[in-house]
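Since the structure of chain A is already known, use the hints to place chain B on it.
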Amino acid sequence: MQIVESSKVKEKVYVEKLENGLTVAIIPKKDILKKYAIWGTEYGSIDNNFKIDKTGEEVRVPDGIAHYLEHKLFEQENGKNSLDVLSSLGVDANAYTTNNHTAYLFESTDNFYEALDEFMDYVQSPYFTDENVEKERGIIGQEIMMYDDYPDWKLYMNGVKCMYHNNPINIDVAGTKETIAKIDKEKLYTIYNSFYKPDNQLLVFCGDFDVDSLLVEIKKRLKTNPDKQEVQRIYPDEPEKIVKKYAEAKMDISKPIFLIGYKDKLEPGEMVKKDLAIECICNIIMGKSSDFYQRLYKEGLISTEFTYNYEFAKTYAHILIQNTSSDPKKVADELSKEIEKYKQTGFCEEEFSRIKKKMYGEYVKSYNDVSSIANNYLTDYLREINTFDFLEEVLVLDKDYIEKVLREVFDEEKKVLSVVLPNE
Amino acid sequence: MLVDNFEIKSGIKAHLIQNDIFKTNIACVILTTPLERNTVTANALIPFLLRSGTKNLPSQLEINKKLEEMYGATFDCGIDKMGDNQVLKFYIESINDKFAGDKSEILKETIDFILDIVFNTLIEDGSFKEDILSIEKQNLKQVIEGKIDDKDLYAFENCINSMYGEKGFGLYKYGYLEDVEGITAKSLAESYQKLIDTCKIDIFISGDLKELDVKNILESNENVKKLVERKPNYILNNESTESKQKVDKVQEKNEKLDVAQGKLVIGLDALSKQKDLGCVALVYNAILGDGVNSMLFQNVREKASLAYSAKSKYVKQKGNIFIRCGIEIDNYQKALDIIKEQLDNIRNGNFTDEDIENAKCYLISGIKSIEEEQDSEIVFYIGNEITNVDMSLKKYMEVIESITKEQIVEFAGSLEYNTIYFLSNK
Numbered sequence: 001m002q003i004v005e006s007s008k009v010k011e012k013v014y015v016e017k018l019e020n021g022l023t024v025a026i027i028p029k030k031d032i033l034k035k036y037a038i039w040g041t042e043y044g045s046i047d048n049n050f051k052i053d054k055t056g057e058e059v060r061v062p063d064g065i066a067h068y069l070e071h072k073l074f075e076q077e078n079g080k081n082s083l084d085v086l087s088s089l090g091v092d093a094n095a096y097t098t099n100n101h102t103a104y105l106f107e108s109t110d111n112f113y114e115a116l117d118e119f120m121d122y123v124q125s126p127y128f129t130d131e132n133v134e135k136e137r138g139i140i141g142q143e144i145m146m147y148d149d150y151p152d153w154k155l156y157m158n159g160v161k162c163m164y165h166n167n168p169i170n171i172d173v174a175g176t177k178e179t180i181a182k183i184d185k186e187k188l189y190t191i192y193n194s195f196y197k198p199d200n201q202l203l204v205f206c207g208d209f210d211v212d213s214l215l216v217e218i219k220k221r222l223k224t225n226p227d228k229q230e231v232q233r234i235y236p237d238e239p240e241k242i243v244k245k246y247a248e249a250k251m252d253i254s255k256p257i258f259l260i261g262y263k264d265k266l267e268p269g270e271m272v273k274k275d276l277a278i279e280c281i282c283n284i285i286m287g288k289s290s291d292f293y294q295r296l297y298k299e300g301l302i303s304t305e306f307t308y309n310y311e312f313a314k315t316y317a318h319i320l321i322q323n324t325s326s327d328p329k330k331v332a333d334e335l336s337k338e339i340e341k342y343k344q345t346g347f348c349e350e351e352f353s354r355i356k357k358k359m360y361g362e363y364v365k366s367y368n369d370v371s372s373i374a375n376n377y378l379t380d381y382l383r384e385i386n387t388f389d390f391l392e393e394v395l396v397l398d399k400d401y402i403e404k405v406l407r408e409v410f411d412e413e414k415k416v417l418s419v420v421l422p423n424e
Numbered sequence: 425m426l427v428d429n430f431e432i433k434s435g436i437k438a439h440l441i442q443n444d445i446f447k448t449n450i451a452c453v454i455l456t457t458p459l460e461r462n463t464v465t466a467n468a469l470i471p472f473l474l475r476s477g478t479k480n481l482p483s484q485l486e487i488n489k490k491l492e493e494m495y496g497a498t499f500d501c502g503i504d505k506m507g508d509n510q511v512l513k514f515y516i517e518s519i520n521d522k523f524a525g526d527k528s529e530i531l532k533e534t535i536d537f538i539l540d541i542v543f544n545t546l547i548e549d550g551s552f553k554e555d556i557l558s559i560e561k562q563n564l565k566q567v568i569e570g571k572i573d574d575k576d577l578y579a580f581e582n583c584i585n586s587m588y589g590e591k592g593f594g595l596y597k598y599g600y601l602e603d604v605e606g607i608t609a610k611s612l613a614e615s616y617q618k619l620i621d622t623c624k625i626d627i628f629i630s631g632d633l634k635e636l637d638v639k640n641i642l643e644s645n646e647n648v649k650k651l652v653e654r655k656p657n658y659i660l661n662n663e664s665t666e667s668k669q670k671v672d673k674v675q676e677k678n679e680k681l682d683v684a685q686g687k688l689v690i691g692l693d694a695l696s697k698q699k700d701l702g703c704v705a706l707v708y709n710a711i712l713g714d715g716v717n718s719m720l721f722q723n724v725r726e727k728a729s730l731a732y733s734a735k736s737k738y739v740k741q742k743g744n745i746f747i748r749c750g751i752e753i754d755n756y757q758k759a760l761d762i763i764k765e766q767l768d769n770i771r772n773g774n775f776t777d778e779d780i781e782n783a784k785c786y787l788i789s790g791i792k793s794i795e796e797e798q799d800s801e802i803v804f805y806i807g808n809e810i811t812n813v814d815m816s817l818k819k820y821m822e823v824i825e826s827i828t829k830e831q832i833v834e835f836a837g838s839l840e841y842n843t844i845y846f847l848s849n850k
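Chains as they are written, first to last, in our numbering: chain A, 1 to 424; chain B, 425 to 850.
For reference, chain B alone in the conformation it holds in the complex:
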C-alpha cells in the first residue's frame, strides 16, 4: 500500500509503496509531458540515449554488467500515451536483499541506478555522443516502422489517429520517421534539458522498504538535488476537461494489408457529463465488452461464433469507448450489425440487474488485486496522478458499488459513433 507521497521539489513527486509479499523491489521514474507534433519524435528518442550510458556507467556494456552483478536486475524503458501526454517510463526490478546471499544493498543500488540513468545522462559539452546517437536513431526508426508488425495494435492506433488527427492523443507515441533524421547530438541534448526542466516527474519505489530510509535516499541523491523546481508542464485530462460534440458524419476508414483476419475497431465519443462519470463508464464498459459475461463476448463470440476476441475498452483521459474484434473479412457487416445491436440494447435499458452485478463484481475483484501486483499498483497511482484524481482503492470500490442502472443508461445514451475502422486483406 501507498505509505508516503511527498513533493521533493515543486513538480517532482515521490510515491513510496510498502509491501513485503513480493520477492522484488521496483524503482520507477515517470516523465510526463504534452504530446506535440514538433517534440514527440525527439522525446521518443531520449529514452534510447538514456539507456545507452550515464556519466557513471558510460556504455551499455557497463550498464548491463552492473545489472547482472545486481542479481540480474531487470531494467527497461518505455513510452506510453496517456490522454494528450507522452509518458516516458524508466523501470528497474531487482530481488529483495533478503534473497541475496551476501551482504548486499540492492535496494539502495536500485534506486541510485534509476536516478543515474534518467538524471545523469552522458551529455558532454552540451551534446550526446555522435556514434551512439546515429545507432539509436536507426533503432527509433525501426520501432516507428515496426508499428505494422502487430496488426491488432496497428488497427487500434490508426483508428485513434483518424479520430484525433495529428495532434495530442492522435499522435503516434514513438514519433514520425521524417523527423528522425534532422535530430542532432546537440539538438537532442537541448530537448533533453528542456524536458527534464519542465516535465512532471514522478518517482515510485515499491517493495519491502522497512529497513531503509528511502525518503532520505531520494532527497539526498546528488542527481535529484540538481533538478530545478518547476510548475510541471503536462496536460490535465479527465472526464471534466474533455468537451465533446457529436461529429457531423461518422467516419468510415478502410485499410488493406496482407492479413489473414480482419481487424475491426470502432471509436465512440461519450458526451455524458454526469457525476462519477469515470466509474459509470467502467461499469458500462464491463457490461458491453470487458470480460466473458460481457455482451460482446457473449453475442459476437459465443452466440454468433464470429470472433475469438471481441472486447471494449474505456479511455478515461479522453472519454472514449473503443470496440475491437478480429473477424472473418466477409463477416464485416454481420459483426458490425451485432455490435450495434448490443450498443442499442444497453441504451434502451435491455440488460438485467445480474448484468450490472456481474460487471461490478468483475471490476471490484480487479481493484482488490491491484495491491498484490507490484506494477498494477504503480499504474493505478500514476493514473490518479496524471488525471488529478485522489481516490483510494477503497473509495474507488465504493463508487463502483453505488452506480445505478439509470446512470449506465444515461451514459449509453450519450455515446456517439465517431469512427469505424476496418483492416482487411489486399
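Next comes chain A alone, as it looks inside the complex:
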C-alpha cells in the first residue's frame, strides 16, 4: 500500500491497487459523521472513437453516449432504480459526466455499508433494455434544453469551438437531441464492456474509516465482467493553432458576457507548476487587487471580478477568462495590452508573494469537507497528478518561471474571444 501525505493540510491518502486492477484510495477523517464514496471511470465525452483489439474494428459512438450511460447505469434487473434505493437509505447519491471521466458517488450519515452494497452492485451490473433506454431520451432531451437556456454554457461551448479543430472537447458532453436519438442498448453495452473495467477506474473514500477493514468490505463486493474487451482510444491530431478568433451568439440576457481563451500545449510532468503559474499570473494581472481590475471597475467597464482557470486533461489545455461587460471587445483589447506590458516589465516581488499566500489559503480551503477532498483526489489522479502537490508547490513557485509562462502561454496568436450578446 502506498501512503500519500500532506503535512500542509494534515491529510493522508492510502492507495491500494487490488488484484483485479481496481485502484482504491482511502482518506480517513476521524470523528466525522459523513462518509463519502466516489467511483470514477476514465471515460468521458472525448472518448468517442476507439478500436477493439480482438476484431480490429474501429468504432465511432454518437455524441453524448458517456452521459447517457451515466443516466442508465442506475437501472437494475429487478426493476428498481439504484438512485431510488440509495435515497431510501437516506444517503445522497448522484453521478456526473465530464470530458474525460464519469463518476458515481454518494454521501451518507447513516447506513454506509447498506449503501455500499447497492453502490458497488449497480456500478458493476449494467442492465440496459430497449425500453429503459428509450425512456431516458425525453429526460436527457430536457437536460440538454435546460443547458441551452444557460448563457454561460453557450459562451463556453463557443469558446472551445474557436480553439479546437478536431479534439472532441468541442462537442457538448450531453450531445444533442439528434445524436442521442442514435443511442441504443447495444452501443451502451459496448461502451460499458470497453471502458468500465477495474484497471480503468478509481474508487475514493473519505470519512471516518479504518483502512484495512474498509478494504476487506470492498473486496467482498467485487464482481467480474466476462464480457469485457480491450480497446485502444483514438484521438484525432490537433493542430497547435486555433480555429478562429471570435464567436458571437445572442440570447435574452441583460448584458453581454464574454470568454477569452488561450489555447495551450501539454507538457506532461509540468502541469501542476504550470497551473499554479497561470493562476498566479491571472491573479496579479486581473485579480481584484490589480491596477487593471481597479481601473476597469472605476470606468464602469466591468462590475464583477474576472473568473479564470486553467482547464486541462491528458489531451487538451487552455486558459479561460470570463466576465460581463457592456463592451467585451474593448475589455479583451485592454487585457491584451496589460499582458504585453507585464511581459516587458515582469512582476514585482511584493505582489508576487502576496498572491502566493492567497493561493495557498485557497488550496487549504478546497480541502474542507469529505466530498471536496475525495473529488479533488479523483480529478487530479485522472490527470496523473498528486493532488497535494499544489499545496506543496505553491509557496515555492519562482518568479522567473511564471514570467516564462507568461511569455509563452499568453500568446496573442492563440487567443480567442467568445461573446454572448443580448437580443435587440
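Please keep in mind that the hints were generated in silico from the structure rather than gathered at the bench.
Possibly wrong hints are sitting among the right ones.
[Claimed, not checked] Computed list of lysine-lysine pairs in BS3-like fashion (alpha-carbon distance at most 30 Å, straight line): (1) B/K532 - A/K29; (2) B/K677 - B/K737; (3) A/K177 - B/K727; (4) A/K228 - A/K182; (5) B/K532 - A/K357; (6) B/K527 - A/K288; (7) B/K522 - A/K29; (8) A/K12 - B/K522; (9) A/K12 - B/K527; (10) B/K699 - B/K737; (11) B/K522 - A/K288; (12) B/K489 - A/K288; (13) B/K489 - A/K329; (14) A/K329 - B/K571; (15) B/K850 - A/K177; (16) B/K758 - A/K80; (17) A/K80 - B/K727.
Being a predicted model, the structure only gives us computed values, none of them experimental.
Okay, now just chain B, sitting in the frame of chain A:
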C-alpha cells in the same frame, strides 16, 4: 455545534459555533429589516457601498489586498428574502490559524474585518463618496436588470410577485430600477444609519474558537460599542402568523421570452393550522417533490419522461408550496395534469408508509449533515432566529419522526392553488 448565544445589546445577538472539523473560520453579520417598497432599493444598494470601503480600509483596493494578506480570505455580501424581510448578509471565510505558516491571528482579524465593513463604513460629513456611489448605482442597476439572465429563477420570482404583489414577500429583493437614480450620497447615508439603528442584527462566528475569547472580542470591539440598543424592527413570519384564505380565482400567468425550454411554476397556499405544521409541511413536501423518491420526480420525470428537473419547495415563513419544472413547451398541459394528479393523490391518501419513511429518512439525513456544513449551520440558526423558533437539531428530528399520515393528508387537503405561471418562447 452552537456553544453560546447571547445578546450583546438589546436587538443585537451573537451566536458562537464551535467546530474543529473544518479548516476554515466564518464570521457573518446578518441585518434583517422589513421588505418595503419605499426602502427596498436603497437597502439593496447599501451592501454595494459597504464592500467599497471602511474608515480603516478606504477603498476596494485596500480591502482586497488585506484579504489576500489574510491567506486569501473570501469576503462577500448578499441579499436574501426571508418571508416579509429583506436580509443583508456579510460573510468572510478564512483559514484556521493552525494552517497558516507564521505567527498569525487570522481568526481575530477575520472578526474585526467583518465588523469594520458593516459598522465602520466610509461616511464623511453625513454622506457616502459621490464617485463610489455613482459606480455602485450602475452595478445595482445591472443586478436588477440581470434578473432575466437565469430563466428558472426569473420564473420563480415572477410567480411569487403574482401571488403577493408589490409588497412584503412579493417585492424583488434587489429593488426597482426606477428608484435607483433618485438615491443620493446623503440620502443613502441616512438610509444606512436608520437601518443600522433599527434592524435586527445577528453576528455568527463559526470555526475552531477554543483558543480565543470571542465573546470578549465582540463586546470590546469599538464598532460594536457604538451601536445603539434597539427593539429590532423586523417582521416575524412563521406558520402561526400567516392567515390565508382561499383565493377567489386561480391566477394563470403566461410570459414569453427567447427560451429553449418552458419553465412552469405553481404556487399553492397552505391553509392548515395544525400542530407541528412546519415539520408536517416538510414531510409532505419531501413526498411530493423533494428528492428522487418524490412523486414529482418519479412521475413527471421517470415515468412520463417530461422533464429533467421537477421539484417542489416549502417556504415556511409564508406557508407556500412552490412546484417548479422545466418542460417542452408543447407539453404544458400534459405536465400540468400529471402534477395535479400527484397533488390529488396525496390529498386522497394514495401514498404508502414507505413513502413517508423515505421522506423522513431523507429529511433526517439532511438535518444530521447540518452540523458538518459550516454554512448550513448558520442558515439553520438564522432561520430559527427570524421565525422565532427555538428548536435544537435533535428536537427537530424527533418532531419529523413523529409526523403521521393523518397529519400529512390534513395538510394536503388544506392546499389551494394560487397561481400557475408559465414562461415560454416567443
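We went through each hint and held it up to the structure:
1. B/K532 - A/K29: holds (27 Å)
2. B/K677 - B/K737: holds (20 Å)
3. A/K177 - B/K727: holds (19 Å)
4. A/K228 - A/K182: Holds, because 23 Å separates the two Cα atoms, which is no more than 30 Å.
5. B/K532 - A/K357: holds (18 Å)
6. B/K527 - A/K288: Within the cut-off at roughly 26 Å; holds.
7. B/K522 - A/K29: holds (17 Å)
8. A/K12 - B/K522: holds (17 Å)
9. A/K12 - B/K527: The given pair, whose Cα atoms are some 25 Å apart, holds under the 30 Å limit.
10. B/K699 - B/K737: OK: B/K699 and B/K737 at ~20 Å, within 30 Å.
11. B/K522 - A/K288: holds (26 Å)
12. B/K489 - A/K288: With Cα atoms ~8 Å apart, B/K489 and A/K288 stay inside 30 Å; holds.
13. B/K489 - A/K329: holds (28 Å)
14. A/K329 - B/K571: With Cα atoms ~24 Å apart, A/K329 and B/K571 stay inside 30 Å; holds.
15. B/K850 - A/K177: Holds - the C-alpha atoms of A/K177 and B/K850 are around 21 Å apart, at most 30 Å.
16. B/K758 - A/K80: holds (25 Å)
17. A/K80 - B/K727: With Cα atoms ~13 Å apart, A/K80 and B/K727 stay inside 30 Å; holds.
Checked against the numbered hints given earlier, this structure breaks none of them.
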